[in-house]
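For chain A, the structure is supplied; the task is to place chain B on it using the hints.
Number of protein chains: 2
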Amino acid sequence: MITLDEAQEIISKEFEKIRFTTDPIELYQPIDYILSVGGKRIRPMLTLIACSMFEQDFAKALPTAVGLEMFHNFTLIHDDIMDNANVRRNRQTVHKKWNYNVGILSGDAMCIKAYEQVMRCPAEVFTDVFWIFNRTAIQVCEGQQFDMNFENRNDVSVADYMNMIELKTAVLIAACLQIGALIGGASKKDSETLYEYGKQVGIAFQLQDDLLDVYADEKLLGKEIGKDIISNKKTYLLISALQAAKGERLASLNQWLSLKEFNPQEKVDAIRLIYDELNIRSLCKSAIKECFEKAEKLLVSLSVQDNLKKELRRFAETIKERVF
Amino acid sequence: MITLDEAQEIISKEFEKIRFTTDPIELYQPIDYILSVGGKRIRPMLTLIACSMFEQDFAKALPTAVGLEMFHNFTLIHDDIMDNANVRRNRQTVHKKWNYNVGILSGDAMCIKAYEQVMRCPAEVFTDVFWIFNRTAIQVCEGQQFDMNFENRNDVSVADYMNMIELKTAVLIAACLQIGALIGGASKKDSETLYEYGKQVGIAFQLQDDLLDVYADEKLLGKEIGKDIISNKKTYLLISALQAAKGERLASLNQWLSLKEFNPQEKVDAIRLIYDELNIRSLCKSAIKECFEKAEKLLVSLSVQDNLKKELRRFAETIKERVF
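These protein sequences, in sequence, are chains A and B. The first sequence begins at 1 in my numbering and counts up by one. The second sequence begins at 1001 in my numbering and counts up by one.
One chain only, chain A, in its complex shape (with noise of 0.2 Å):
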């Protein structure tokens, strides 16, 4: 099997390679300035790492790893769209760069070629990854919609929260893994383990960056702290707060959350303090240990030699002690 280096050192070289050129230049150059920007490029790879562990061919998984990137960067176009989001990866967004016209089309463009992608797999697994991939095309369309409606109301709760994440972020993931074991050959059932695997360990994935836009050393991240605060955005930090506090701690927290002017450094801080005293972090924590327990479990139960399952418990290693 292959390693995790190698994962991303060779789907790094794939979409070096892939490019799109044609005519018209306005509906593909979109598609092309994205993929070339980079990103973590987490998804391929564990379709890749998934499709190893069951056949040394891992190559036959190559195109849809890169079909599922493409799909995950189509979403990226639209969201950021729709959360008027002027940078992403340092970079531009694409509506920002052309206009909002290019941003749907393109997306809309780059959806369609995702699918083309996504389907270059073996014959014989063809129907299984159409229906995996395409039910959880329209989950994460229905994470992004519930992640928008949480924006304009004041009762979600910590259920709805992990609900949403688990569309909007965690399906995807495990699809990546289902659908390279299953390109590889893996059972049904072993397919079936590493979806759910891909899930704890999505869900783990999403619950840390809540907390790293609120603990991150700014410089290592590489965005600013405190975005989230900022926009009171509801995350799992946000609504466990909402939900613990009390009395004047409430109140002050409402308070924050209901201010139009405010120094936005202040707000950080206050709110941080906030979360602090109700120990909203270590919460976070448990909440992220216990999804790594489950998937260690999950992990344990496949039926494959142990060592083919070293680099996906030093992916959940890596996500465990990211710092950015």
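Incorrect hints may appear among the rest.
[As the list claims (entries may be wrong)] Partner residues aside, some chain B positions facing chain A, computed with beta carbon under 8 Å:
no., residue
1, GLU1026
2, LEU1076
3, HIS1078
4, ILE1081
5, LYS1097
6, TRP1098
7, GLN1117
8, MET1119
9, PHE1130
10, ALA1137
11, ILE1138
12, CYS1141
13, GLN1144
14, MET1148
15, PHE1150
16, VAL1300
Rather than coming from a laboratory, the hints here were simulated on the basis of the structure. Positions of the beta carbon are idealized from the N, C-alpha and C atoms, including for glycine.
Frame of chain A, contents of chain B only:
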């Protein structure tokens, strides 16, 4: 085989049954809304007709037919955002009734749901249907991009225009016939002949649309006459007129195109007069006739009994005689 009227009724009944009511409703209500508004349902009708030419049990093609109509409606949601259109089929467009973000995301969801529905086809044609549909979907995006590009170009030729409408409109109509035929068990050759037939009919359909904008009876058309003229839309008529006009007439045409403020009725009358002087109406009618002649030849070459071709001949007639 079934008649056009029967196909129409089956499709209408099917769309009455299909409801999108699950959570999150912000995602699914707009899909429900646009599908309930109706429209001519030409695409799924053609899928059923094509299937029924080769197979008695045409219901096999019904889910896929519905999916192809859903894909068409997804493109309408996003096109209406890009064209800033307020009204479609006498009702508010999705982004007007809700907002831009709802239009973008429910459009995305509808595209994915269209894939799901299109792929509910018999296993033996699953792979073929996927690749035909996927290729068509990307071509429709390319057509829309070319159409938008034409707005800012002054050098659009008739050939450019024909290529654009082939992509934006004709290939989906063509694919609806090809896919229906394949589900019905048609040979590769017959299914490809029907694809080519659909392309000719689709191009004729769009050229007829261009004509109707200028020459239809407004009461029958159910929408304003001359919208293309008012917005300087590069239609077959305008492109042909710009090519044919000389001297003072060309100057007058360009003058009208460059005016920022004008009386709409005056502009429509003036440009229609130029079209009449240049014989543009009959030029367009000849182009339409040529498409139908090619289509008829293709139909003749199809390896089914002549009586099975009569509904497609009737369909071509209804387009030819279309006054609204």
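Interface hint check: B:GLN1144, Cβ to nearest Cβ on chain A, cutoff 8 Å. Holds or violated? Status holds, d = 6 Å.
Should the interface hint for B:ILE1081 be scored as holding, given a Cβ-Cβ cut-off of 8 Å against chain A? Nearest chain A Cβ about 6 Å off; hint holds.
Restraint outcome when B:CYS1141 is required to lie within 8 Å of chain A by C-beta distance: Holds, because the Cβ-Cβ distance from B:CYS1141 to chain A comes to roughly 4 Å (cut-off 8 Å).
Does B:HIS1078 meet its interface restraint, that is, does its C-beta lie within less than 8 Å of any C-beta in chain A? holds (6 Å)
Satisfaction of the B:GLN1117 interface hint, Cβ to chain A closer than 8 Å: violated (10 Å)
Please verify that hint: B:LYS1097, Cβ, nearest Cβ of chain A, below 8 Å or not. violated (16 Å)
Hint check, B:VAL1300 versus chain A [nearest Cβ-Cβ separation less than 8 Å]: violated (34 Å)
Proposed interface contact between B:TRP1098 and chain A, which counts if any beta carbon pair is under 8 Å: With a closest approach of 12 Å, the B:TRP1098 hint is violated.
Using 8 Å as the Cβ threshold, decide whether B:LEU1076 counts as touching chain A. violated (12 Å)
Holds or violated: the hint that B:ILE1138 contacts chain A, with Cβ atoms closer than 8 Å. OK, holds: B:ILE1138 within 8 Å of chain A, min 5 Å.
Quick check on B:PHE1150 please, does its C-beta sit within 8 Å of some C-beta on chain A? violated (10 Å)
Interface hint compliance - B:ALA1137 to chain A, C-beta minimum distance less than 8 Å: holds (5 Å)
Checked against the numbered hints given earlier, this structure breaks hints 2, 5, 6, 7, 15 and 16; the rest are met.
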